[in-house]
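Asker: Produce the entire structure from the sequences given, and follow the hints as far as they go.
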Amino acid sequence: MTPTSSHVQAYLLLLPAFVFLVGFTHYPAIGTLIDSVMLALRGGRAPAFVGLDNYQAMIQDPVFWKSATNNLWFALATIPASMAISIVMALWVNEKIAGRQFLRMSYFLPTVMPMIAVANIWIFFYTPDYGLINQVLQLVGIKSQNFLGDPNLALMSVTIVAIWKEAGFFMIFYLAALQTLSPSFREAAQIEGASRWYFFWRIQWPLLMPTTIFVLVNALINSVRMVDHIFVMTNGGPNNASSLLLFYLYEVGFKFWDRGYASTLTVVLLAILAIAGLMQFFLLDRKTHYR
Amino acid sequence: MNFSDSKDRSHRLNNAGWLTTLGAWVLAIAWVLPLFYALWAAFHPAQYATSFSLTAPLTLENFSAAWQAAPFPRYFFNTIVLVLMILVMQLVLCTLAAYAFARYTFFGSSVLFSLMLVQLMVMPEILIVRNYQTLSSLGFVDTLFGIGLPYFASAFAIFLLRQTFKTIPKELVEAAQMEGASTLQILRHVYIPLAKPTYLAFSLVSISHHWNNFLWPLVVSNSQESRPLTVGLQVFSSADQGIDWSIISAATLLTAAPLLFGFLIFQRQFVQSFMRAGIK
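Sequences listed follow chains A and B, in order.
Counting in my numbering, the final residue of the first sequence is number 583, and the numbers go up one at a time with none missing.
Counting in my numbering, the final residue of the second sequence is number 282, and the numbers go up one at a time with none missing.
Watch out, some of these pointers could steer you wrong.
[Unchecked claim] To give an idea of the chain B side of the interface with chain A (calculated C-beta under 8 Å), a few residues:
hint, residue
1, Cys96
2, Asn133
3, Thr185
4, Leu261
[Claimed, not checked] When the alpha-carbon atoms are kept at most 25 Å apart in a straight line, the in silico SDA-like pairs for lysine to any residue are as follows:
hint, chain 1, residue 1, chain 2, residue 2
5, A, Lys547, B, Ser139
6, B, Lys198, B, Ile267
7, A, Lys547, A, Lys388
8, A, Lys547, B, Gln226
9, B, Lys168, A, Leu473
10, A, Lys388, B, Leu24
11, A, Lys547, B, Phe142
12, B, Lys198, A, Ala481
13, A, Lys388, B, Ala32
14, A, Lys388, B, Arg270
15, B, Lys172, B, Ser184
16, A, Lys358, B, Lys168
17, B, Lys168, A, Lys388
18, A, Lys388, A, Ala481
19, A, Lys388, B, Ser184
20, B, Lys168, A, Lys547
Rather than coming from a laboratory, the hints here were simulated on the basis of the structure.
This structure is a prediction, so every number in the text was calculated from the model and none was measured.
Backbone N, C-alpha and C define an ideal beta-carbon position, used for all residues, glycine too.
Answerer: Have a look at this one:
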């Protein structure tokens, strides 16, 4: 095989996949950037350079800020909570524990269920008066709460669902990492008489660091893209109290059909994802992970 | 005395104490509670949906009511076609690309590899506005093909397969070359058979991801001919306030049932697949 023909072969093998990769990732990403400075707010006239008009409008849009701050809180709650729960789960089911198989299955179960489906079930949990949570609250003498209808509670309620959905998924990554750790660490710690707590903080946790960074990046990405349950549970309401950025982007793009402004919102999301990407790039040792 | 002491100690880091076990079980029960709640509501008459009584009669009526209240058979058909179409395309396209990245040295390979990895961060559903434009200019809006199109090339699959292909010993390839096998024959008879566990792992991850996918199908589909289950369920449960919990629970369980059964039967494979996919 001559060097040139091998080059050509490689390109031919890559071509079909790259048509789709470029067509639905790179091309639209660049197109979005262009649209955000070319399409006038609320459309209506032919594309012409509008500069930063859309960005100006975004900065003055209270719903954007509401969705952005909601999203920030959503991320600040879901990322640490789901990661902490997932580590605990993984440590538990990695040990000899009664009913390990059942425990593993239970933790992982939410991962295989559609978010749309489980959100429907959670609505019943949250229903005023009759929902399970409110029945328990009333039992202990607290009055029934309208979890999804109260602006102060709606965001928290959808956040809990996201944590519940994600934790078992992340558990898998920690479990896989724990199982690759050499048993000699554990034996050494046992000989030294180390406590469980000491063993975790001084040995397991540092060794799990690459997994933690990998999970962190994934959790960050998920905090941007997990919006399915919003459609079912609150529709962003009441009064945008539970609107997240991607949900708002959908509303602007496909309910108000404002392409220019929707592109601008997409640019914000792309920037957040770029930060996640750079984090992975710089925090993880590329040599060990992309070899 | 000494002996039992060291034995105690050697078990301390391995075995869970009763407090840990209790904690693990409480969490597990909290985690499956939503599913049990849905099962309860779906298998009992509507008046028992919120009250728990051991004597409540069992019924399948909610399921048949849900099945008839919306075109669920059609939605099921759509989802199955969609999921299989995406999977087949992914396996074919990504095998070819992964093979190129794993076994060829060519100009620009690392740049192309980095460009490919971008898709791990920027999923097609983030770019819904622009991808919808592309789809409508191609005339694929409101078709299953259009819903599947952006997912045909998966950076995740390419990455995973490339890792696996790289572990396959060169000697095997050289032996096949001596026999006069062509490049594609080597791929077909050496690489693909040896990568079976990776194919299985990726297939389970892909099927469960696309069975559950919602936002992009919601944007693209607007008739029952192209609506997958998730969008169908959303249309059904938000359509009308008169539908009761029991029927929505039944519909919800129907939507998740194939994956749930698959998961319960192939639990070990599922967990291992996700683990395999996670170790990079």
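Asker: For every hint, state whether the structure bears it out.
Answerer: Evaluation of the provided hints:
1. Cys96: 6 Å, holds
2. Asn133: Constraint on Asn133/B satisfied, holds at 5 Å.
3. Thr185: 6 Å, holds
4. Leu261: With a closest approach of 5 Å, the Leu261/B hint holds.
5. Lys547/A x Ser139/B: 20 Å, holds
6. Lys198/B x Ile267/B: 20 Å, holds
7. Lys547/A x Lys388/A: Violated, because 53 Å separates the two Cα atoms, which is more than 25 Å.
8. Lys547/A x Gln226/B: Between Lys547/A and Gln226/B the Cα gap is close to 20 Å, so the pair holds against 25 Å.
9. Lys168/B x Leu473/A: Holds - the C-alpha atoms of Leu473/A and Lys168/B are around 23 Å apart, at most 25 Å.
10. Lys388/A x Leu24/B: Between Lys388/A and Leu24/B the Cα gap is close to 13 Å, so the pair holds against 25 Å.
11. Lys547/A x Phe142/B: With a Cα-Cα distance of about 20 Å, the restraint between Lys547/A and Phe142/B holds, given a limit of 25 Å.
12. Lys198/B x Ala481/A: 38 Å, violated
13. Lys388/A x Ala32/B: Answer holds: Lys388/A to Ala32/B is near 21 Å, not above 25 Å.
14. Lys388/A x Arg270/B: It holds: about 17 Å lies between the C-alpha atoms, which stays within 25 Å.
15. Lys172/B x Ser184/B: Holds, at roughly 15 Å.
16. Lys358/A x Lys168/B: Measuring from Cα to Cα gives roughly 47 Å; hence the hint is violated.
17. Lys168/B x Lys388/A: Judged against 25 Å, a Cα distance of about 35 Å means the pair is violated.
18. Lys388/A x Ala481/A: 17 Å, holds
19. Lys388/A x Ser184/B: Violated, at roughly 51 Å.
20. Lys168/B x Lys547/A: 47 Å, violated
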